[in-house]
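Q: Read off the chains here:
Protein chains: 2
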Amino acid sequence: MSSLKKQSSSLTEKAGISSPEITNVSAINQIKNKRRQQPSASELISGILSGNITALSRAITLIESTNPDHAAKADEIIKGCLLHANKSIRIGITGVPGVGKSTFIEAFGTYLTQAGKKVAVLAVDPSSSISHGSILGDKTRMEELVKDENAFIRPSASGENLGGVARKTRETIILCEAAGFDTIIIETVGVGQSETAVHSMVDFFLLLKISGAGDELQGIKRGIMEMADAIVINKADGDNIKKANQAKLEFNRALHLFPPKKSNWQPKVTTCSAITKEGISEIWNTISDYFELTKETGFFQEKRNEQNQFWMMETINEQLKQNFYNQPEIISLLEQNKKAVQNNEISPFAAAQLLLNQYKKSF
Amino acid sequence: MSSLKKQSSSLTEKAGISSPEITNVSAINQIKNKRRQQPSASELISGILSGNITALSRAITLIESTNPDHAAKADEIIKGCLLHANKSIRIGITGVPGVGKSTFIEAFGTYLTQAGKKVAVLAVDPSSSISHGSILGDKTRMEELVKDENAFIRPSASGENLGGVARKTRETIILCEAAGFDTIIIETVGVGQSETAVHSMVDFFLLLKISGAGDELQGIKRGIMEMADAIVINKADGDNIKKANQAKLEFNRALHLFPPKKSNWQPKVTTCSAITKEGISEIWNTISDYFELTKETGFFQEKRNEQNQFWMMETINEQLKQNFYNQPEIISLLEQNKKAVQNNEISPFAAAQLLLNQYKKSF
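Order-wise, the sequence lines are chains H and U.
Counting in numbering that gives the first Met the number 0, the first sequence runs from 0 upward without gaps.
Counting in numbering that gives the first Met the number 0, the second sequence runs from 0 upward without gaps.
Simulated from the structure, these hints should not be mistaken for laboratory data.
Hints are supplied without guarantee of correctness; some may be wrong.
In silico BS3-like pairs for lysine-lysine, Cα to Cα no more than 27 Å straight-line [claimed, not checked]:
1. H:72 x U:338
2. H:302 x H:116
3. U:360 x U:337
4. H:261 x U:360
Partial list, derived from the structure: chain U residues whose beta carbon lies under 8 Å from chain H [unchecked claim]:
5. 74
6. 319
7. 348
8. 362
Just a sample of chain U residues kept apart from chain H, beta carbon distances all over 10 Å, derived [claimed, not checked]:
9. 26
10. 147
11. 153
12. 222
13. 239
14. 253
15. 290
16. 327
17. 340
Since the structure is predicted, the reported quantities are computational estimates derived from the model, not experimental observations.
The C-beta atom is built at its ideal place from N, Cα and C for all residues, glycine as well.
Can you build the whole structure from these sequences, using the hints too?
A: Have a look at this one:
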């Protein structure tokens, strides 16, 4: 109606012929319906099991979704994939920004696919919900691997907390394994406790470093060196080779100070250049040695069992805490009691008891 | 009545005179009543505040008791003491058996009381419920300190778990401080996580070592060196002096590898002999320097506040877990799900969710 109310303007146009329909209505509706119709869980499962990357990506998106319907569907898919999973090796890679993590993974991953492996690269980056996916976000740094049909790269799930991000990555591992990926690489930039989280979901943990001002060991995060099964000094090329070798010596000496690992594996230090590809095959040899040893001793399976139990208990414990600390009454009572404890009006234990009694009443 | 029914025996006796009362009945009853009548909480509080050691000991016994009535009374006493507590320095001492911990504490404690300090020595030994108080149990190794009226020695509380033992020790600290002890020494032999527990209730953490086979750093428990504010190499006497000095060098080099502490304190390594008393005063100087620095920067109070918050939250979290894992239905369901997770029948997260749903139903 409003189109009939013409403006009185000097620019007018005669009514022409009506514009033709660009295509028929039923065809449009058919396309719309198809788009609306998501594949079912069992469709996605069989897609994943046949190695279909689109099905894998869609299922991962369901895992990452905050929609409760998606969560139920994701659980069904994970269940369907579980028995086909676990046939892989899982490698964690950590290193601060600047050590050339993406370039290293590009070189290492390409080396692996050329050796006939199927490689999935995932990430645990709890900061990505703020920075919108800093890790792997820039896939251009992995030009070759992105195009490689035997590689699958997926940026970090985003989530409010590390626990959530870690859970999503761990479930994604299951799907990737079911889709036939035999080498899973999980990278982390080491925000908060993310190295610990990654360490507890991989078989082998690799710390990437570069040689610096000669005092290589300063500033390494607590416990990080103790978790490492290998330390790789990257950028060992050109003028850097000598410095990298010195760093190697220093790390070797430092590793010697730690008590022996439960795996009986003596962590190795190597140098490499992700640019010249020098040292990449040696790293793979080291990793292969590790898997040979730990599969022979049974440590490999033992560690995976422990990790599974750990994640089960961890999920329970986290949830119990969340249920408690998210109660509105508890939130305000906690603040009061924190102050009272600080002013020595109540002991930490009496305050805790008071809060727990209040919580019990709320059921 | 039954005494009248005499046995027919060849051995009989004529009824003689009745035996005299050994003392009068009312006196006996008075003693009995007095024994039955425990001092009230407020009596114990005023006793503690006036420095009465008997009152202090009795109150600690209430803290350690598993009787719920005692617990309520203990809470009242702690509350009454809280505002008079906290005016002390708290020093944690750890070291494996054989480093001469008792002898060191004897020498160090005596040095302190001679300098006018009032010293309380407590212990955290979660193994003591099995070994019935291995630590400090043998007070004969602290002959001098036991007789010292400015020293108070109390063995570790016993308890099923570290959490319980730690709580009791932490509450005992409050009472000791209220009783006027200005220097609290907490020792631990380092069973399980007990060093971490002690570290989180003291201001200063001292690691006691002896020089060994030259490879001093091997076998030191994870994280222990990072917690230490000072490492003291004991038994630096006679033929051992040279070895002790070498160990000192090695530890100093190793400490250099760690990132700087939040306190801005650079941990010190010293040698001493608890026998010759050589080096004891230097240790005290180091500790005094630490307190001067951290009180000036505010780190001292900041750390105490953090510790209080930590213990409040820790108590809550532990209790939430206990409530969950002690539920009979949860116990059996957990076992089932552990097996299912191990057989890849269910993911760790799905299993956790299943258990949490069951728990929710039980309310």
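Q: Next step is simple, just say for each hint if it's right about the structure.
A: Hints and how they fare:
no., hint, verdict
1, H:72 x U:338, "holds, 24 Å"
2, H:302 x H:116, "holds, 23 Å"
3, U:360 x U:337, "holds, 20 Å"
4, H:261 x U:360, "violated, 40 Å"
5, 74, "holds, 6 Å"
6, 319, "holds, 5 Å"
7, 348, "holds, 5 Å"
8, 362, "holds, 4 Å"
9, 26, "holds, 42 Å"
10, 147, "holds, 29 Å"
11, 153, "holds, 18 Å"
12, 222, "violated, 7 Å"
13, 239, "holds, 22 Å"
14, 253, "violated, 6 Å"
15, 290, "holds, 20 Å"
16, 327, "holds, 16 Å"
17, 340, "violated, 5 Å"
Taken one by one, the earlier hints fail for this structure at numbers 4, 12, 14 and 17, listed in ascending order.
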